[in-house]
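Asker: Throw the hints in and build the complete structure from the sequences for me.
2 protein chains.
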Amino acid sequence: MPALHESVKKLISHSIMSKNLIHWGILGCGGIANTFAADLRHSQCGRLAAVSSRSKRKANAFARKHNAPVAYGSYEELVRDADIDVVYVATPHPMHMEHSLLAIRAGKAVLCEKPAAMNARQLRRMIKAAEKNNVFLMEGMWSRFFPATVQLRKWLSEKRIGRVLALEADFGVNFKAGPKHRINNPALGGGALLDLGIYLVSFASMVYTKQPEIIVSAVHKGKTGVDDQTSMIFQYDHGATAMLSCSSRVEIKTEARIYGTKGMITAGPIFYRPQTLTLQLQDHKPKTVHFSHSGNGFQFEADHIAKCLQKKKPQSDLMPLQESLSTLTTMDKIRKQWKLKYSNE
Amino acid sequence: MPALHESVKKLISHSIMSKNLIHWGILGCGGIANTFAADLRHSQCGRLAAVSSRSKRKANAFARKHNAPVAYGSYEELVRDADIDVVYVATPHPMHMEHSLLAIRAGKAVLCEKPAAMNARQLRRMIKAAEKNNVFLMEGMWSRFFPATVQLRKWLSEKRIGRVLALEADFGVNFKAGPKHRINNPALGGGALLDLGIYLVSFASMVYTKQPEIIVSAVHKGKTGVDDQTSMIFQYDHGATAMLSCSSRVEIKTEARIYGTKGMITAGPIFYRPQTLTLQLQDHKPKTVHFSHSGNGFQFEADHIAKCLQKKKPQSDLMPLQESLSTLTTMDKIRKQWKLKYSNE
Chain A
1 MPALHESVKK LISHSIMSKN LIHWGILGCG GIANTFAADL RHSQCGRLAA VSSRSKRKAN
61 AFARKHNAPV AYGSYEELVR DADIDVVYVA TPHPMHMEHS LLAIRAGKAV LCEKPAAMNA
121 RQLRRMIKAA EKNNVFLMEG MWSRFFPATV QLRKWLSEKR IGRVLALEAD FGVNFKAGPK
181 HRINNPALGG GALLDLGIYL VSFASMVYTK QPEIIVSAVH KGKTGVDDQT SMIFQYDHGA
241 TAMLSCSSRV EIKTEARIYG TKGMITAGPI FYRPQTLTLQ LQDHKPKTVH FSHSGNGFQF
301 EADHIAKCLQ KKKPQSDLMP LQESLSTLTT MDKIRKQWKL KYSNE
Chain B
346 MPALHESVKK LISHSIMSKN LIHWGILGCG GIANTFAADL RHSQCGRLAA VSSRSKRKAN
406 AFARKHNAPV AYGSYEELVR DADIDVVYVA TPHPMHMEHS LLAIRAGKAV LCEKPAAMNA
466 RQLRRMIKAA EKNNVFLMEG MWSRFFPATV QLRKWLSEKR IGRVLALEAD FGVNFKAGPK
526 HRINNPALGG GALLDLGIYL VSFASMVYTK QPEIIVSAVH KGKTGVDDQT SMIFQYDHGA
586 TAMLSCSSRV EIKTEARIYG TKGMITAGPI FYRPQTLTLQ LQDHKPKTVH FSHSGNGFQF
646 EADHIAKCLQ KKKPQSDLMP LQESLSTLTT MDKIRKQWKL KYSNE
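So the protein sequences, as listed, match chains A and B.
For the first sequence, position 319 (counting from the first letter as 1) is numbered 319 according to the working numbering, and the numbering increases by one without interruption.
Quick note: to get the working numbering, add 345 to the position in the second sequence (first position is 1).
Incorrect hints may appear among the rest.
Computed list of lysine-lysine pairs in DSS-like fashion (alpha-carbon distance at most 25 Å, straight line) [stated by the list, open to error]: (1) B:K598 / A:K154; (2) A:K221 / B:K504; (3) B:K607 / A:K180.
Please keep in mind that the hints were generated in silico from the structure rather than gathered at the bench.
Quantities reported herein were computed from a predicted structural model and do not represent experimental measurements.
Answerer: Listed below in structure tokens is the structure:
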């Protein structure tokens, strides 16, 4: 009976797929959680298994919207769910440590939104807990996993543009937001640096594969006391530089330009989720490569984590914890220059 | 006799034209003097009358190349030439003060290449001498006079992009030059800041119509001790910024981007001699205006000076001496941060 035969094949295939599927639990139902959940549909080996919010009503609505089988009205219930392989911590950054620790101590792998914590000290605690509980932990620097970013790293490691001498990247959004909005609210870890600047600092860290020797910066603080415009110069050995600026009050182009001794690479139009790379070598015509994908692109991060978990890797080698710790240390140094400290860190 | 009548008309017309023509004397026969002399051909009311070099042979060759009626083997002879209205000082910047003073004291109007002097102290002496001798003096910031720059200033003064909050401009050239080349040679006032950075500092001064309140910078010095890569953040009131970088060792795009509360303007592809302006207002399609001209564009500067002289203006209102002095003061502050002082200043 060929019909039965086919259904058996399907059953076996489904069982294999299920084995390889990674079950995600989302902790927090805000804006970024929505985007992540929507992108999970494009993931090759990830499936949304449960969502959670402090409000059961909010969790239910989120679950309906994203077709999640389970909705929890508490984070504790989510991390106790035996069906969950990995928890995506999508709460505001002042809560990243607490919620990551909650999941880690429950034995769950954790993907924690960026910045991984408010400061390096907090992340160090999270890393220790992950080591102690023998679980996977990664900062949600989703930029790292885009096909264009993978290609960019390849060009850089092949020294296609020679030795990198200068990097320029910016990220400016005119939020037009009030004092209670996340971006302005000190209680929610507001400020352009933590929200937008983390992309710049992490990108510079990726390009130079190290932290700067010298950091100079200028800041403007808005009415709530957090930074709304930030300019930074990072200097590396032999005077190579990164010029980085972020703002929550003015729309600044989000292109990145990397200049080396042999040419330049442009990543854009949005460097942190690039769809175009242009390689311009001296005395050559520019070569532009286009990349396209469905959704916002969180699926590349989700699929990377699925592979790490399937291979039982203790952490990601593309976004290692040591690097997240280094970039947070750089962010700490910058904020120290401005005397910007949050009450909840 | 209509033929005679015509020739008389031509004679009268030529005589009027001659009266309005400004006679240029070029002091120094280097690279920039060559470009200036070539562009004078496109000037509406300027004529190359004489050239001078310390080497008579060099002056002769230059005069032949640019069809100058007179060639002098000394600068003293040039400034004594009664036929010369204005002297273009085109020697390296450590000689700007000395050569400008020579011409000023001979009663000549002076266009002095940028930077107008090595430091503000030197320029102050030049300004005093110009006032005492009642002659016109201007820094050769030729960028100011391009049709695109005029249009850009118009848009800025009309607040088309609202209040300016951020400016980004860069100027990087890979000179591939030895230690004796002008750009590296301390005796010739070498270094990226004085040679390329002056364009950035002057451009920021034009955009913000003031000097920065806070300057932070990072520098790399090459083998000869002068700066070969320089990054600067200027901060103005209410945290508006200029991010500027220049380099003599890496090719960095020379585009300028000006961001305001209502939109942005891009000046490029070479901001200091722009041929394209793009106005991008929020929620509008970008509007690009193209400008084209003959030669390199020094003719716009020459024609501006001709008009100033014809109107007997004591100085230019588009590139006033007070502003040149302010930008040099900013340059002095930057160099002080790096402890870079030239023996001949």
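Asker: State for each hint whether it applies.
Answerer: Hint check:
1. B:K598 / A:K154: Roughly 23 Å between the alpha carbons, so the hint for B:K598 and A:K154 holds.
2. A:K221 / B:K504: 24 Å, holds
3. B:K607 / A:K180: 23 Å, holds
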